[in-house]
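Protein chains: 4
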Amino acid sequence: MIRGSELAATGGSSTRGPASLNDRETWRRLEPPSQRALLGRLYEGIRAASVELCQPLVAEDFCLQAVKETSPPKWHLAHTTWFFETFLLQPFLPDYKDFHPAFQHLFNSYYNAVGEQFARPMRGLLTRPTIDEVMAYRASVDQSINQLIDTCDQENLPAVSKLLELGCNHEEQHQELLLTDLKYSFSLNPIKPVYQSAPSDVANDDAGSTVRSSQWWEYQGGLCEVGHTGSGFSFDNEHPRHKVYLEPYRLSPWLVTNGEFLAFIEAGGYDRPEFWLSDGFAEATAQGWKHPLYWRLVNGRWYEFTLSGERPVNMNEPVTHVSFYEADAYARFCGKRLPTEAEWELAAETVPVEGNLRESGRLHPAPADGVNPLFGDTWEWTASSYSPYPGYEPEAGAVGEYNGKFMINQMVLRGGSCVTPAGHIRASYRNFFYPPDRWQFTGIRLAEGIRQ
Amino acid sequence: MIRGSELAATGGSSTRGPASLNDRETWRRLEPPSQRALLGRLYEGIRAASVELCQPLVAEDFCLQAVKETSPPKWHLAHTTWFFETFLLQPFLPDYKDFHPAFQHLFNSYYNAVGEQFARPMRGLLTRPTIDEVMAYRASVDQSINQLIDTCDQENLPAVSKLLELGCNHEEQHQELLLTDLKYSFSLNPIKPVYQSAPSDVANDDAGSTVRSSQWWEYQGGLCEVGHTGSGFSFDNEHPRHKVYLEPYRLSPWLVTNGEFLAFIEAGGYDRPEFWLSDGFAEATAQGWKHPLYWRLVNGRWYEFTLSGERPVNMNEPVTHVSFYEADAYARFCGKRLPTEAEWELAAETVPVEGNLRESGRLHPAPADGVNPLFGDTWEWTASSYSPYPGYEPEAGAVGEYNGKFMINQMVLRGGSCVTPAGHIRASYRNFFYPPDRWQFTGIRLAEGIRQ
Amino acid sequence: MIRGSELAATGGSSTRGPASLNDRETWRRLEPPSQRALLGRLYEGIRAASVELCQPLVAEDFCLQAVKETSPPKWHLAHTTWFFETFLLQPFLPDYKDFHPAFQHLFNSYYNAVGEQFARPMRGLLTRPTIDEVMAYRASVDQSINQLIDTCDQENLPAVSKLLELGCNHEEQHQELLLTDLKYSFSLNPIKPVYQSAPSDVANDDAGSTVRSSQWWEYQGGLCEVGHTGSGFSFDNEHPRHKVYLEPYRLSPWLVTNGEFLAFIEAGGYDRPEFWLSDGFAEATAQGWKHPLYWRLVNGRWYEFTLSGERPVNMNEPVTHVSFYEADAYARFCGKRLPTEAEWELAAETVPVEGNLRESGRLHPAPADGVNPLFGDTWEWTASSYSPYPGYEPEAGAVGEYNGKFMINQMVLRGGSCVTPAGHIRASYRNFFYPPDRWQFTGIRLAEGIRQ
Amino acid sequence: MIRGSELAATGGSSTRGPASLNDRETWRRLEPPSQRALLGRLYEGIRAASVELCQPLVAEDFCLQAVKETSPPKWHLAHTTWFFETFLLQPFLPDYKDFHPAFQHLFNSYYNAVGEQFARPMRGLLTRPTIDEVMAYRASVDQSINQLIDTCDQENLPAVSKLLELGCNHEEQHQELLLTDLKYSFSLNPIKPVYQSAPSDVANDDAGSTVRSSQWWEYQGGLCEVGHTGSGFSFDNEHPRHKVYLEPYRLSPWLVTNGEFLAFIEAGGYDRPEFWLSDGFAEATAQGWKHPLYWRLVNGRWYEFTLSGERPVNMNEPVTHVSFYEADAYARFCGKRLPTEAEWELAAETVPVEGNLRESGRLHPAPADGVNPLFGDTWEWTASSYSPYPGYEPEAGAVGEYNGKFMINQMVLRGGSCVTPAGHIRASYRNFFYPPDRWQFTGIRLAEGIRQ
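Chains as they are written, first to last, in my numbering: chain A, 21 to 472; chain B, 21 to 472; chain C, 21 to 472; chain D, 21 to 472.
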C-alpha cells in the first residue's frame, strides 16, 4: 500500500468533538443566536468535564503535587478558570470585578505579560483557597462567561469566540495533565491509590503473543505540505502550512508493546551506551533508569502502576511512560528510527481521528492486535525538535506566550493518548515535551527510510 | 541579688501538667486501680489535645508540608499513634493486630530498629490514607490502649506506664511541631491563612518603649550539679545528673525584643562579618537573611507572619524565629554572649515553671515589661552544643533512638516557648536544633561573665 | 542581488588548508610514494601547529581547567595523540606497544567502545604525567605514525589515510578548543593573563560608527540540496547530501556588532521576557546574565577579556561569546530571526572560504565595515537543532561515536571563527553547542523571510 | 597506674622546636641583639622548611587543587607570605610597598577585616603568578622581614616578635596542610603519584599481630585545670586556663589499628545504623563510605594510598583518614567512647612531646607495638565540640579572625600527626575539623569512664 503525498492537500477532516466549533466557517454562517448558543454549549461541556474528572478525589488530593513539573488538581481547576477570567472577562465584560485579588498572581502559570507568577514548585502549598472556594470561583466565572456570551456586542463576538475556543482547548489540555499529574503523584504513595477501578477486560493476559501485521505502511514522500489547514480550531504552532520534502519511508502499523520493550531490557539495553544518545545515556545513568516509569519487578514479575492501581504488566499493551531517550535508544536497538513529525503528519492526514482516546474510559493503552491507529493509546515521540514552522507568527498579545516561547529543547509528539479527549486531537496537532520527560502517556512507533 | 549554686541540690520542683505522672514515686504508692485510672486520664488528655489543635484546619491543610524539616498535620496525628501502637500495643497487648499493614512503614519517623521509613520530604504526598482514616486509626489505637491499661498484668504495669508516659511526652512534642510546622507552611501562602484570630490584647502598640530592669541576675557558680533529679518524668538526655564547674555569671532578666533586634538590623548587622561566626555569615549570605524569619518590610513598616496572620511587628515583644547564628551574632554585637546550658539550668532550678506557655492561648511571645521568666515565650538558644552528659546511656531498645543519635551538630535550647505545653517543660529539659534552624519559636537571652 | 538555489549543485570549492588531502580523488591518483609523502606532510603540519599554539604557556597553565566543559592544554595535547595511537597505531602498526598503560583510560574523551574514561571534570588534576612526559608521548607517537605511513601495506593505505585525515581534523578541532578553553580559564584569574600581545591595529577605536551596507543578501530558495559534496574531507554529520525546500529569505551581510548589541542591553533586553525563549530567560535569570561573557563595566565603560588581556570593547567588532538564547532574543528584539542551517549553507556554497580565521593571527573578531563574510570572525548560531540528516549513518566502529550520539539538545553553528584554521572549515561544516554555551567564539547573523 | 589531676598545675613543658621562641620570658631577658638574632633564626628556619617540602614537586603540581577544602601548594606558599606582608610589613616597616597590587586579594584566606578574598574553590586556577614569581615574592618578603627584625624600634619589638611568632606557627600549619592537601589531590590521579619514596622499614608486614598492652591508662579526674599555661607560644583558643570537673576515666594506650578497624568493616559496621550518629549514618550513606579514605580493595586485598604511593594496608599501623563520624561509630561498636578534650589534655600535660611527628620523615603512621604516645601518628578525634573556653577573648585586630569565628560545627582534635612539626604541637593545642572531614591524618583513641 502506498499512501502518497498527492493526498496531502485534501487536509485533515473527521468529526471534531466538543472542544472546538468544528468548522469555523459553518459557525460564521449561523444566525447570531445560534452562534451564541453553540458557544455556550461548547463552554458548558468542557467545564463540566473538568469537574467530572475530579469525582473520585478526596479533599486532600486536590493539593497533591509531587514535583514541580506536575500541578495539583485544585490548581488545574483554578488556572483554567483564571484563563477565562483574564483573557475574556477582564477585557470584554463591562464592569467585571475579579473574584479574588490574589488569584491573578496565584493561578497565572507563565504569562509574563499578565504579571508575576506564584512559584511553580509550591502550587501544592495552596491549601487555601479551599477546594470549595475554588469551586465557587469556577461557578462565578462560569456565570460571567455565560453572561458575556449572551450579551457581548456582535462586533466583539468573533474575538470572544476565538478566545473562548482557545480557553476550551486550553482546559482540555489541563484535563489531560490533571490525570497524568495525579497518576504520577499517586504512584509515589506506597498504598497505591486507585483513581478508578480497572475496566473488566483488563485481564492480566500476557500469555498469548499477538500476530503482527508483517507489512509496514509505506509512503512515497516527495514535496509535500504539512501544517494545519481547514477552518477547524488549531493552535498557532500548527501554522503556517508549508512545503517539506520527504524521502520515501515506512511506518510501523503498531506501537511498540511492553513485551517488545522487555526484550530491550533483557538484552541489557539500559546499560549499553551504543544504543543511546550521549545525553540520554547520562540521564538514564544519573536517574538509575532500568525500565519504564511505573514498572516494578516483584518476585520476578513485572508490575506497573496505572490509574486503576498497580497490576501486572500486560505484555500486549503498547509500552508507555518512556522518555524520548528511551524511545530513541529502543529504535536504534531495532535498527530503526523514530519518524519525523512531517512523516507522521502526512500519514495521519488521511485517516480518521479514531482510537483509544479518553472517551473510551480506559485511561490506559489497550492491548494491540497488530495494528494501532495513529491516534490514541500513547503520544508518539518523533525525531523532530519542537521548532517554529517557516514563517511562524505567535498570536498577538499575552496569549502569544502559549506556544512560541517553548520552541527550544523539546521534542514533538503526535497523535494523542488514552487520556486525550477525542475532540481535541488532529493530524496537525503538535505536542512537545523534554527528552527526559516520562510522566505523560508517551510511546513508540518505529519508522525507516526506503532505500532506492 | 545572688542566686548561688548551693541551692542547686534541691532540684527542680513545681507543678507538672498533664504529660507526666507528676511524681513517679507517689504514683507507685497508689493502689493498682488508681494507678491505672491515672494512666488513663493522662493518656486521654494528651490525645484529646492533639485533635483539638486541629479544629481550625480544613482537609487540605492536613497534607501540607513545605520543606522536609516540617511534617504535615496528618502525619503528626498518625505518627504519634504509630508510636503507641509500636512500643505498647505490639509488645504488650496480646493478639493485637496492626490497624493497617502499610502504616508501620508510612508513619515511622526515624527508628531504624523498627524498620525502613517512608521518605521524609514526601510525607505531604500521603493524601491517602485520608484524614478520616487517620482519625479512625487514632480511635482504634486509643481503644486498644485503654484496653491495655485496664487489662495488662500488674507485673507489666511499670514498663507499660513508663512507655505510656514517654508516648505522651512524645505526642506533646509533636503538638508543638504541628503548630510550628503549620506556621511555616502557611507563611508561604500569599493569602496568609489565619490559624486563630488574634488575642484582643495584641494591639499593635510598639510606640511606648518599656522600662528595662537595669539589674541583671547574678550567679556565683562554682562546683554545681546539673541534670534531672527527682521522680518526675524526664528524657534520657537529661541524665545523669553530674557536676560542672561554673565561673560567676549574669543573665539578662529579659529576652531580646524586636525593637532591640531592629537596632542590630539597622546597624547593618546582617552585613558585618565581625559579629558572626564564619559558618553563620556564610549561611546568612547564601540564604539572603536580612531579618528574622517571617518579617517583611512593606512601605517602610515591618510586618511579621503569626498564627493569627500577618500583622505589624510589636517592638516590645521578644524577637523570635532567629537562628542560633543570628542569636550569637546579636550577642557579639552587644558585647555579650549566650549562656551555656549549665548556666541556664542552674538559674532555672529555683524558679517556678511559669510563663507564656501554650496554655495562655496566645501562641505568640507576649510584650515584655522588663522581665521575662526563664520559661515560655521563646526557646532560648544556649552556647552549648548538644552532647551527651558524662556517663550518658541511651534507653534500651528502639526507644533508645529517641535522643542519643542526634547528639552532633546541634545546639541546646532551654525553657520552652509559647506553644510548649506547661506540663511538658522543666529546668533540666534539653531541646536541640541545628544552628541555621529558624522555624521554631526561638529567641535570645544574653549572658556575661563576672570578672573578678 | 539574488543568489539562487540553482547554483547549489556546483558545491563548495576553494582552497583547502593543511587538515585535509584537499581532493581525495586527486590523491588517489597519485603514485604511492607521493601519496605517503602527502600524508606525512599533512600530519606533520597539524601536529606542529598544536605545539606552536602552546608556546606562550608556562608549565602550570598546562593543567588549567576551570569548568568541566573545558579541558586543560595538556589534556588536549595528550588526547589528540591518544586518538592516533588508538585508531591508527593499535590496529595497523604491527607489534605496536602502548606508550603508557594508563593513557588509554586517562586520555579517552568519550569513546565508550574503547573503554571507560577518566572523569571529565577532573582532567585538571592530572599534574602527572608532566608536560615533558606528554611531549615525549607526542614524539613517540609521531615517530610511530611516520613509520606507519612509510611502511603500511598498500592495501591498508586507504583506511589508514582516511583515519589519519580524520585524526588531523580532530586535532584541529582541539586546537580551537585549546584556545577557547584557555581564554575561559584565564578570564577567571584576577590578574588577567595575556596569551599574546594585541595586534597593533586593535586601537580602541569605537568612536566612529561604521556605514552599514543597507542591502541584505537575498536568496530565492525553492527545492535545494544541502550536505557535503565533492571529494574533500568531511565529517559523517554532513551527509548525506539531501533535498530541502526553502522559502525565499534574506541574510544580513554583517554580523551583529558590539555597538548594536549594546543597544539591546541598554533597552533592558536582558530583563524583558518578551524577547526570550522561556528556557533562555530562566537561564539568563539563574546565571545573572546582563551582557556577553567576558564583558565588564568599569566606571561606566565596557571592557572585555580577550586572548590579549582585558581591553575596552570595540563597538565596531562583531559581538561574540553570546549564547544561542541571547542570539535568539536579540533577533526577536530586532523583529528578525536567526537563519536555519540550510539557509546559511545555501548562501555559503557559492562564496570562497575566506575571512578572519586563525591564520590572521588576530584571535579575535575584527571590526566590521558593513560586510562580514560568512566564514570567520565568529561561529554563527542558526535556528536549527542539531539532528541527523535524512538517511544519516554514523561511521562504522568506535569513530562512529564522533558525531551522531550528540544529536540532541544542541544547536547548529556555521562558518568558523577567528580561532578556526582556514583549512578546517567549509560550507557544509556543522558545529554544535548547547543553547546556553558561551565560551566559544559565537556570534549573530540575522535573517528574515521574504513575504510574497 | 593513676595519673591524677594534682599534677596538672605543673603545666606542659618539654623541648619546643623552631616555631616558637620557646620560653617568652627567657627571650625577654635577652639582650636586644640576641633577641633579634633569635627571631631571625626562627623565621629563617620555618620559611626554609616550606620550600624544602616542595622539592619533590613539578611545576604543574603547584596549582593542584582537587576540592575547595584543599589548597594548591603555590597558594600555601603565597598565602603564608601574604600573612607576614599584611600583619608585619604593612604596619611596621616604614615605606613598605606591596610586592604586587593583586596579591592582597588573591592570597587572603578569610580575613574579612583585611578585605575581600579570591574565591576559595578557584585557587587552583591561579596558574599566574607562576611559581617562579611566587618564589620571588617569598624572597622579597623574606628580605623585608629580615630588615624589619634588624631595624624596628625596640619599643615595637614585642609586638613584632609576637606577630612574627604567630606568622611562623601559621606557616607551620600550612606546611601540614600542604602535605595533606597534596596527598588528597594526588590520590585522585589514577597513576598514583609518589611524593617521596617509602621508608625502608615499611615492609608490608601485616602478618604478625602485635601484643596489646592490656592495661589502659587510668586518671582520677576531679576538679582540674586545662588550657595553656607557661610562657611558650600558644593560640588564643587555648585560653584562658580554667577549671573543669572530670569523672574518673581511662584512655587506651594505643591508637586503633587498621586491623582493628577492619573488624568493624567486616562486621558490616558501615551498614549498621545502631553504631552511628544519625547525621553520620546519613553522611556515610550519601557518600558511599565503606572504608577509610584512601583504602581500596583489589583482588581481595586492601591497599591504601600514601605519600609514598599506593601500597598494601599494614594492619599494625594506626588507622587514619577516618572522619569523626567513623571514629565515633567505631567507639560505639566497641562499647567505648572517644575522650573529651579535657580528658585528653589532662593526660598529655605530664608526658613529653614525643612521637612519630614530621621530623621522623615517615609522613605516615607507624606500626604500633601496643603503645602509642599521645603525640604524633594521627590527630585524635575527641568527643568535644570546638567551643570557646569560659572567658575566651579573641586577639585584637584582624588576627582575631584566626580561631574564634570557627567555633561552631567542628570537633576538637588533639596530639598532632605524622606531618605535624614537633615544635608546633603541645598538650593544650586544639585542632578542629568538621565531623565528616577525612583528608587530615585523623585517627582514634578510645576512652571509657570508670564506674564507681
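Treat the hints as calculated values from the structure; they're not laboratory data.
This one's a predicted model, so the numbers in the text were calculated from it and none came from an experiment.
A couple of the hints might just be wrong.
Where chains are identical, the list cannot tell them apart; a pair therefore holds if satisfied intra-copy or between any two copies.
[Unchecked claim] For lysine-lysine, the following DSSO-like pairs were computed, each having C-alpha atoms within a straight-line distance of at most 30 angstroms: (1) K310 x K356; (2) K356 x K182; (3) K212 x K310; (4) K117 x K212; (5) K356 x K88; (6) K263 x K182; (7) K117 x K182; (8) K263 x K117; (9) K263 x K356; (10) K263 x K310; (11) K88 x K212; (12) K88 x K310; (13) K212 x K263; (14) K212 x K356; (15) K182 x K310; (16) K117 x K356; (17) K263 x K88; (18) K310 x K117; (19) K212 x K182.
Structure-based check of all given hints:
In this assembly of identical chains, K310 and K356 lie within 30 angstroms of each other by CA distance solely inside one copy; the values are 21 angstroms within and 44 angstroms between copies. Proximity of K356 and K182 under a CA criterion of 30 angstroms is satisfied inter-copy only: 28 angstroms between copies versus 42 angstroms inside one chain copy. Taking CA atoms no more than 30 angstroms apart as the test, K212 paired with K310 passes inside one copy only; the shortest distance there is 21 angstroms, against 34 angstroms between copies. Taking CA atoms no more than 30 angstroms apart as the test, K117 paired with K212 passes between copies only; the shortest distance there is 22 angstroms, against 43 angstroms inside one copy.
For the homomeric pair K356 and K88, neither the shortest alpha-carbon distance inside one copy (34 angstroms) nor that between copies (34 angstroms) is at most 30 angstroms. In this homomeric assembly, K263 and K182 come within 30 angstroms of each other (Cα to Cα) only inside a single copy, at 27 angstroms, whereas the closest approach across copies is 38 angstroms. In this homomeric assembly, K117 and K182 come within 30 angstroms of each other (Cα to Cα) only inside a single copy, at 22 angstroms, whereas the closest approach across copies is 61 angstroms. For a Cα distance limit of 30 angstroms, the shortest separation of K263 from K117 qualifies neither inside one copy, at 47 angstroms, nor across copies, at 56 angstroms.
Proximity of K263 to K356 under the C-alpha cut-off of 30 angstroms is found in both arrangements, the shortest distances being 25 angstroms within a copy and 21 angstroms between copies. With identical chains, the CA atoms of K263 and K310 are never at most 30 angstroms apart, being 40 angstroms at best within one copy and 39 angstroms at best between copies. Taking the shortest Cα distances, K88 and K212 sit within 30 angstroms of each other both inside one copy (21 angstroms) and across copies (22 angstroms). Proximity of K88 and K310 under a CA criterion of 30 angstroms is satisfied in both settings, with 23 angstroms inside one chain copy and 27 angstroms between copies.
When the C-alpha separation of K212 and K263 is checked against a cutoff of 30 angstroms, the pair qualifies neither within a copy, at 48 angstroms, nor between copies, at 52 angstroms. Proximity of K212 and K356 under a CA criterion of 30 angstroms is satisfied in neither setting, with 36 angstroms inside one chain copy and 45 angstroms between copies. With identical chains, the CA atoms of K182 and K310 are never at most 30 angstroms apart, being 45 angstroms at best within one copy and 38 angstroms at best between copies. Taking the shortest alpha-carbon separations for K117 and K356, neither the intra-copy value of 57 angstroms nor the inter-copy value of 39 angstroms comes in at or below 30 angstroms.
With identical chains, the CA atoms of K263 and K88 are never at most 30 angstroms apart, being 38 angstroms at best within one copy and 42 angstroms at best between copies. For the homomeric pair K310 and K117, neither the shortest alpha-carbon distance inside one copy (53 angstroms) nor that between copies (37 angstroms) is at most 30 angstroms. In this assembly of identical chains, K212 and K182 lie within 30 angstroms of each other by CA distance neither inside one copy nor across copies; the values are 41 angstroms within and 37 angstroms between.
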